[in-house]
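Quick note, the sequences are listed as chains A and B, same order. Taking this note's numbering, I'd label the letters of the first sequence as residues 3 to 306. Taking this note's numbering, I'd label the letters of the second sequence as residues 3 to 306.
What the hints contain is simulated information worked out from the structure, not anything from laboratory work. Worth double-checking, as some hints may not be accurate.
Identical copies carry no separate label here, and so any pair may be met within one copy or between two of them.
Unchecked claim - SDA-like mimics (lysine to any residue), calculated; alpha carbons at most 25 Å apart, straight line: (1) Lys190 <-> Arg204; (2) Lys249 <-> Leu163; (3) Lys141 <-> Gly196; (4) Lys249 <-> Asp298.
Given next are the chains, with one letter for each unit.
2 protein chains.
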Amino acid sequence: MSLLVVGSVALDSIETPAGKRDNALGGSASYFAIAGVRYAPVHLVAVVGEDFPQLDRAQLQDQGIDLDGLQTAPGTTFRWGGRYHENMNQRDTLFTELGVFEAFHPELPAHYRQIPVVLLANIHPNLQKEVLEQVRSPKLVALDTMNLWIDITRPALLDVLGGVDLFFLNDEEALQLTGLSNVLTAAKEILSYGPKIVVVKRGEHGALVRTAHGWFSLPAFPVEDLQDPTGAGDSFAGGMLGYLASKGGAYDDESIRTAVAHGTAVASFTVSRFGVDGLVDVDRSRIDARVRDVWDLTRFNVEE
Amino acid sequence: MSLLVVGSVALDSIETPAGKRDNALGGSASYFAIAGVRYAPVHLVAVVGEDFPQLDRAQLQDQGIDLDGLQTAPGTTFRWGGRYHENMNQRDTLFTELGVFEAFHPELPAHYRQIPVVLLANIHPNLQKEVLEQVRSPKLVALDTMNLWIDITRPALLDVLGGVDLFFLNDEEALQLTGLSNVLTAAKEILSYGPKIVVVKRGEHGALVRTAHGWFSLPAFPVEDLQDPTGAGDSFAGGMLGYLASKGGAYDDESIRTAVAHGTAVASFTVSRFGVDGLVDVDRSRIDARVRDVWDLTRFNVEE
Numbered sequence: 003m004s005l006l007v008v009g010s011v012a013l014d015s016i017e018t019p020a021g022k023r024d025n026a027l028g029g030s031a032s033y034f035a036i037a038g039v040r041y042a043p044v045h046l047v048a049v050v051g052e053d054f055p056q057l058d059r060a061q062l063q064d065q066g067i068d069l070d071g072l073q074t075a076p077g078t079t080f081r082w083g084g085r086y087h088e089n090m091n092q093r094d095t096l097f098t099e100l101g102v103f104e105a106f107h108p109e110l111p112a113h114y115r116q117i118p119v120v121l122l123a124n125i126h127p128n129l130q131k132e133v134l135e136q137v138r139s140p141k142l143v144a145l146d147t148m149n150l151w152i153d154i155t156r157p158a159l160l161d162v163l164g165g166v167d168l169f170f171l172n173d174e175e176a177l178q179l180t181g182l183s184n185v186l187t188a189a190k191e192i193l194s195y196g197p198k199i200v201v202v203k204r205g206e207h208g209a210l211v212r213t214a215h216g217w218f219s220l221p222a223f224p225v226e227d228l229q230d231p232t233g234a235g236d237s238f239a240g241g242m243l244g245y246l247a248s249k250g251g252a253y254d255d256e257s258i259r260t261a262v263a264h265g266t267a268v269a270s271f272t273v274s275r276f277g278v279d280g281l282v283d284v285d286r287s288r289i290d291a292r293v294r295d296v297w298d299l300t301r302f303n304v305e306e
Numbered sequence: 003m004s005l006l007v008v009g010s011v012a013l014d015s016i017e018t019p020a021g022k023r024d025n026a027l028g029g030s031a032s033y034f035a036i037a038g039v040r041y042a043p044v045h046l047v048a049v050v051g052e053d054f055p056q057l058d059r060a061q062l063q064d065q066g067i068d069l070d071g072l073q074t075a076p077g078t079t080f081r082w083g084g085r086y087h088e089n090m091n092q093r094d095t096l097f098t099e100l101g102v103f104e105a106f107h108p109e110l111p112a113h114y115r116q117i118p119v120v121l122l123a124n125i126h127p128n129l130q131k132e133v134l135e136q137v138r139s140p141k142l143v144a145l146d147t148m149n150l151w152i153d154i155t156r157p158a159l160l161d162v163l164g165g166v167d168l169f170f171l172n173d174e175e176a177l178q179l180t181g182l183s184n185v186l187t188a189a190k191e192i193l194s195y196g197p198k199i200v201v202v203k204r205g206e207h208g209a210l211v212r213t214a215h216g217w218f219s220l221p222a223f224p225v226e227d228l229q230d231p232t233g234a235g236d237s238f239a240g241g242m243l244g245y246l247a248s249k250g251g252a253y254d255d256e257s258i259r260t261a262v263a264h265g266t267a268v269a270s271f272t273v274s275r276f277g278v279d280g281l282v283d284v285d286r287s288r289i290d291a292r293v294r295d296v297w298d299l300t301r302f303n304v305e306e
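Work out the full structure: start from the sequences and follow the hints.
In structure tokens, the structure reads:
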């Protein structure tokens, strides 16, 4: 079953204690797509400027990602610059240049409209809504967002959330969105906004999932030689939804649990190299092996 | 197999967003002992002042804890006051009055000296060392500490660590002790200081364990109606070592994994009520049921 992703394709300038990279292929849709295509066909919707390097376009194409929905507009590609702190748990945004994203409106090619699994990656909620209005009765819709949209476009975000099955956010965003002080009560509260599954992404602390039936949680896989945390969350989403797409778009609790393990595995490869390098190098069999490592990380015998 | 604990018995004044309590029974040894005695006999070494309430002494005795090693000295009992922030992840210490702890030297009654499983709870490393010198070839020695001792008594701490099997600490302490910026590399480094097992306590994010053979990690059990996080770490240690004592003091990797699940379960009861109330109310069968809940929290199918 195919995946549709709308989000950003960007050129990232990243500094971490492990190194530095300028104008590297990045953006939420890139990370998601490169992760997801390990599981299922991926069709991408985004915009780049006329300055977008042919090499980066070729890299996405070589991964097998359908770029028919990638517009090229006059102007410059979205650029983001960030510097990570010594422990890599925090980062400062050095610059954000929206470029062609400022006037972007997603237009789905005809063959995109029947795609059953949709990720609305982190962009303006109105653009996420425009995509939802162009797809026909998708089986599974997931959404990611950021503090900025909760802050300045809350009504639009709540509106689009009403049509979403699975919602990705982090601890701070969950508290900000609900006005609560406890992330557990916040995640439960958010179920009443529409999503059936709330996935709280906790970085080095893994993921916490709330559904109507209860909690599920996994720690992050320990990556001792962490290089660059950029894209960890987007590739986590790509692994998770990719797995669900490969299972026919199921999102019952059992499928979600295994999907979170796949997201965890995929993200561990992302952060072990700079930019998308850790993802493009890995094939599905290595991801599956890492899923077994995640299983081994947390297993214990209840009875002895 | 019996447990020996040396640490503090204190009167705590606690404020959390859920309530307030003055002069409640607390201290690392109290929490550890009340947790551990659910699994095995516990023998306590500590000091209180002449003002220590008879009711608190009776509560420890009623739990079946051996208080032959609890000295009563002229002066006042150790008092600690703390106020938790809105999210309960952080707290401010309002006061620390050492009282009789200032002149304390542990003296083990004769029948304590052969106890095979020992927890050196958070006190001055020199006092931890004095206890180690009084026990005869224990099977398993665990140690807990705090940032203060890493800061002002580092050589003494490293000295006592050399004779320890299992070391409890948190993320910040691991970085502080090693001078490293990554908790994973820090935990591995600490294995070279003596301990065979490093248990990084991460509060609401669970626990991360490093042994010679690799990593083990569990998230915390989600407690939606969190009341008071005080004693979570000490009771986690009590559940973990209590379980190991009940298994003959084994600390192979498989036993450690199940022990961490028991620590996780016990701590979840502690934080659901004020002070030690959540612990004294719970029996072993409810803890075992919670261990199964922890198992269910993290389980997933690798193959579908």
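Each hint, compared with the structure:
no.: 1; hint: Lys190 <-> Arg204; result: both (16 Å within a copy, 23 Å between copies)
no.: 2; hint: Lys249 <-> Leu163; result: within (24 Å within a copy, 50 Å between copies)
no.: 3; hint: Lys141 <-> Gly196; result: within (15 Å within a copy, 54 Å between copies)
no.: 4; hint: Lys249 <-> Asp298; result: both (23 Å within a copy, 22 Å between copies)
In summary, this structure violates none of the numbered hints.
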